[in-house]
Each structure stands twice: as structure tokens, then as C-alpha cells.
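Colleague: Using the sequences and the hints, build the whole thing.
2 protein chains.
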Amino acid sequence: MRIANRFAIAVHIISLLETDENGEATSEWMAGSIGTNPVIVRRISGMLRRAGLLRTRQGVAGAEIERPLSEITLLDVYRAVNEEGELFSVHPRPNPLCEVGANIQDTLEEVFGEAQEAMENRLKGTTMLDVVQDLRVRAREKESAGV
Amino acid sequence: MRIANRFAIAVHIISLLETDENGEATSEWMAGSIGTNPVIVRRISGMLRRAGLLRTRQGVAGAEIERPLSEITLLDVYRAVNEEGELFSVHPRPNPLCEVGANIQDTLEEVFGEAQEAMENRLKGTTMLDVVQDLRVRAREKESAGV
DNA sequence: GCTCTTGTAACCATTCCAATTACAAGAGCG
DNA sequence: CGCTCTTGTAATTGGAATGGTTACAAGAGC
Numbered sequence: 002m003r004i005a006n007r008f009a010i011a012v013h014i015i016s017l018l019e020t021d022e023n024g025e026a027t028s029e030w031m032a033g034s035i036g037t038n039p040v041i042v043r044r045i046s047g048m049l050r051r052a053g054l055l056r057t058r059q060g061v062a063g064a065e066i067e068r069p070l071s072e073i074t075l076l077d078v079y080r081a082v083n084e085e086g087e088l089f090s091v092h093p094r095p096n097p098l099c100e101v102g103a104n105i106q107d108t109l110e111e112v113f114g115e116a117q118e119a120m121e122n123r124l125k126g127t128t129m130l131d132v133v134q135d136l137r138v139r140a141r142e143k144e145s146a147g148v
Numbered sequence: 002m003r004i005a006n007r008f009a010i011a012v013h014i015i016s017l018l019e020t021d022e023n024g025e026a027t028s029e030w031m032a033g034s035i036g037t038n039p040v041i042v043r044r045i046s047g048m049l050r051r052a053g054l055l056r057t058r059q060g061v062a063g064a065e066i067e068r069p070l071s072e073i074t075l076l077d078v079y080r081a082v083n084e085e086g087e088l089f090s091v092h093p094r095p096n097p098l099c100e101v102g103a104n105i106q107d108t109l110e111e112v113f114g115e116a117q118e119a120m121e122n123r124l125k126g127t128t129m130l131d132v133v134q135d136l137r138v139r140a141r142e143k144e145s146a147g148v
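Protein sequence lines, in the order shown, are assigned to chains A and B. Counting in the numbering used here, the first sequence runs from 2 upward without gaps. Counting in the numbering used here, the second sequence runs from 2 upward without gaps.
There could be a bad hint or two in this list.
Identical chains share a label here; the pair holds if one copy fits it or two copies do between them.
Unchecked claim - Calculated cross-link-like contacts (lysine to any residue; reagent style SDA-like; alpha-carbon spacing at most 25 Å):
(1) LYS125 x GLU111
(2) LYS143 x SER90
(3) LYS125 x GLU115
(4) LYS125 x GLU29
(5) LYS125 x LEU88
(6) LYS143 x ARG94
(7) LYS143 x ALA103
(8) LYS125 x LEU76
(9) LYS125 x SER90
(10) LYS125 x GLU110
(11) LYS125 x THR27
(12) LYS125 x GLY47
(13) LYS143 x ILE66
(14) LYS143 x GLU111
(15) LYS143 x GLN117
Keep in mind the hints are simulated off the structure, nothing from the lab.
Modeller: In C-alpha cells, the structure reads:
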């Protein structure tokens, strides 16, 4: 089971908006860079807007990023496109008459919660500014490697 | 998107086998404690067997745990029931002619890999022995609370 | 041989997701 | 105003993963 493509696409969208200066980043154009459908871009942009990360206007191409990139962490983006809070799930109906079944949910929720927290803390440690800078470094490396 | 119930069920199965002494842990009985179907138990037991965590014999109830519980981490169990290695997925066809599209996969794979690693390291830090002991502590607490 | 059990295939229903079509509505320009 | 481009969103489709279930072959042991 995997985290949906939406997360990566959302990061891609914000990265594209950052380098867009003239409001030329239409959903169609972004879809071309991402390799998907314009409706997917608009749908995910809507999630980012509802999470307070973007401001969009119907009928107007492009979007404004609501916060400095250094204040948008990957965890913010992750949560914007994953309404489901729990990464792990525990079977819902263990038998309360069995010593294991009666306690397994509490035991697992604790350690599962900590594992999810570890993952989220790592995401929190990277901002969209880091991502955009890394993209530029990689682009420069390719260029100097002679392409 | 969530990690399948299988992971929690697998932990549950091993916990039940640990307290089973007389080979009475049939898949039917375990299914009763878990709140699922005997076939699910056998299917997940098979994954644990193929991962080298259990030894089962067709026709014989119960299973032997192949290693001391202190040497089975939750990461071992997690990997046994999740053949899919990558937690995060990146959209597969970004446009190589776009500076963002050309580099986003590498950028994301790096940070996504680290986030997954953080989660897995937390799972690695808990063994099945910890789980079983925690289950016993919780059972004792409930008992002394007067049930 | 009889019965219990496991291992596994096959099938179904549900859920989640990406892709797509369709269309209402806003923006801006002539 | 009318035309065109764009966004926002609903609806539908197809595919994949998952859990549940039935069915049955085969091993174990009395």
C-alpha cells in the first residue's frame, strides 16, 4: 500500500508555481509537466487551496502561494492531500474475551502512532524552499555535465 | 491511504502463537480472537512463513515461531506482509523538457526515502517481545482495576 | 478410514485512485 | 455585450488492492 501520487503531484504543482512569474501556469500547462490530466491538477490545487497553501481564482490562470516557501513543509503538503489521518490501521473487532484481543488495539495504536510520527517529523524537516533549491541544483549539475 | 490490516493481524497472530502452548491455536480459533476469517489467518500465516518467521505444517494446528521474540522486530513483520517496498509513490511520467519535471523524481525519491526510513527505524525499535510484554502489562492493569 | 486441519485457488464486494468527459461560472479583451 | 480562455466540480469509468467467503486438495493423527 502506497501514499497516493497526489502528494508528489502537489509538490510538483507548488514547484511549478514558484517559477511561474506571469501567471502562465495554467492547469493544462502544469499537467504537461507532470504527465497527467488538467483536471487532476485543478483537483489537487483545490486541496492545496482548502488547506490554505494557495490562493486561486476561478477563470484566472496560475495561483499565488500563500506563504513563503520556507514556511511550507512537506508535512503541510502531505496533510493537505491526505485527509485520512492514520497511516496504519488496526483490525476493528478483536475479541475482548481474549487477553490478546482485548489489548492489542491499544498496544498497536501506540507504536503505530510513533512510527507515523517519525515519518511525519522527517517530512516536517524539509520545506518547499529546500525542494525548489534542490531542483535547481540538480538542473545546474545536469547542465554543467553537458546536456 | 493506509497500511493494510494485514500488518496488525500478523502481529496479533504471532502474539497468539506465543501464548499458545499445546498447539491449540487453530486458524479458526485465532480468527475468533482477531475478528476475521480463518482463511485470512492462514493467508497471513503463509506470508510470515515465507518470510522465515514461522514454521507451519499442513494439517497440524498451531505454528512454531522460528526466532526468539526478542529477535523479531515489527519491521520484520511489516516487511513480511507488505511486498510493496515503497511507501510513497512519485508520478511516473514527468516531462523531461521542463526543469521541474526533469528533476522532481530524484528530489522526491530522496526525501521520501528518508521519511520511509524514519518510519521503518521506529518499527525496528520494537520487538515482538516488547509487544507481548506490553499486552501482559495492559491485561494486568485491567485486572487490578477490578474487572 | 474418518475427522480435523492447513494451503491455496477462485470469486465477489468494497474502497481508493487516476483519468476522462462534461458543464457551469468567472475573467478579460475586442 | 459576445467571444474565448480558464477554473471548479460533478459524474463516470477502469484498474488495483483488500478483506471476506466458498471450495477443495492434501497432510496428520487417531
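Colleague: It remains to establish, for every hint, whether it holds in the given structure.
Modeller: Hint by hint, here is what the structure shows:
Taking the shortest alpha-carbon separations for LYS125 and GLU111, both the intra-copy value of 21 Å and the inter-copy value of 14 Å come in at or below 25 Å. In this assembly of identical chains, LYS143 and SER90 lie within 25 Å of each other by CA distance solely across copies; the values are 24 Å between and 42 Å within a copy. In the homo-oligomer, the alpha carbons of LYS125 and GLU115 lie at most 25 Å apart both inside one protomer (15 Å) and across protomers (12 Å), since each shortest distance falls under that limit. Taking identical chains as interchangeable, the C-alpha atoms of LYS125 and GLU29 are never at most 25 Å apart, the minima being 30 Å within one chain and 44 Å between chains.
Taking identical chains as interchangeable, the C-alpha atoms of LYS125 and LEU88 lie at most 25 Å apart whether they share a chain (16 Å) or sit on different chains (17 Å). Taking identical chains as interchangeable, the C-alpha atoms of LYS143 and ARG94 lie at most 25 Å apart only when they sit on different chains, with a minimum of 19 Å there against 54 Å within one chain. For a Cα distance limit of 25 Å, the shortest separation of LYS143 from ALA103 across copies, 10 Å, qualifies, whereas the shortest one inside one copy, 57 Å, does not. When the C-alpha separation of LYS125 and LEU76 is checked against a cutoff of 25 Å, the pair qualifies both within a copy, at 5 Å, and between copies, at 23 Å.
When the C-alpha separation of LYS125 and SER90 is checked against a cutoff of 25 Å, the pair qualifies both within a copy, at 22 Å, and between copies, at 18 Å. Proximity of LYS125 to GLU110 under the C-alpha cut-off of 25 Å is found in both arrangements, the shortest distances being 22 Å within a copy and 16 Å between copies. Proximity of LYS125 to THR27 under the C-alpha cut-off of 25 Å is found in neither arrangement, the shortest distances being 29 Å within a copy and 45 Å between copies. In this homomeric assembly, LYS125 and GLY47 come within 25 Å of each other (Cα to Cα) only inside a single copy, at 22 Å, whereas the closest approach across copies is 37 Å.
In the homo-oligomer, the alpha carbons of LYS143 and ILE66 never lie at most 25 Å apart, since the shortest distance is 28 Å inside one protomer and 51 Å across protomers. Taking CA atoms no more than 25 Å apart as the test, LYS143 paired with GLU111 passes between copies only; the shortest distance there is 17 Å, against 45 Å inside one copy. In this assembly of identical chains, LYS143 and GLN117 lie within 25 Å of each other by CA distance neither inside one copy nor across copies; the values are 35 Å within and 27 Å between.
In terms of the numbered hints stated before, the structure departs from hints 4, 11, 13 and 15, listed from lowest to highest.
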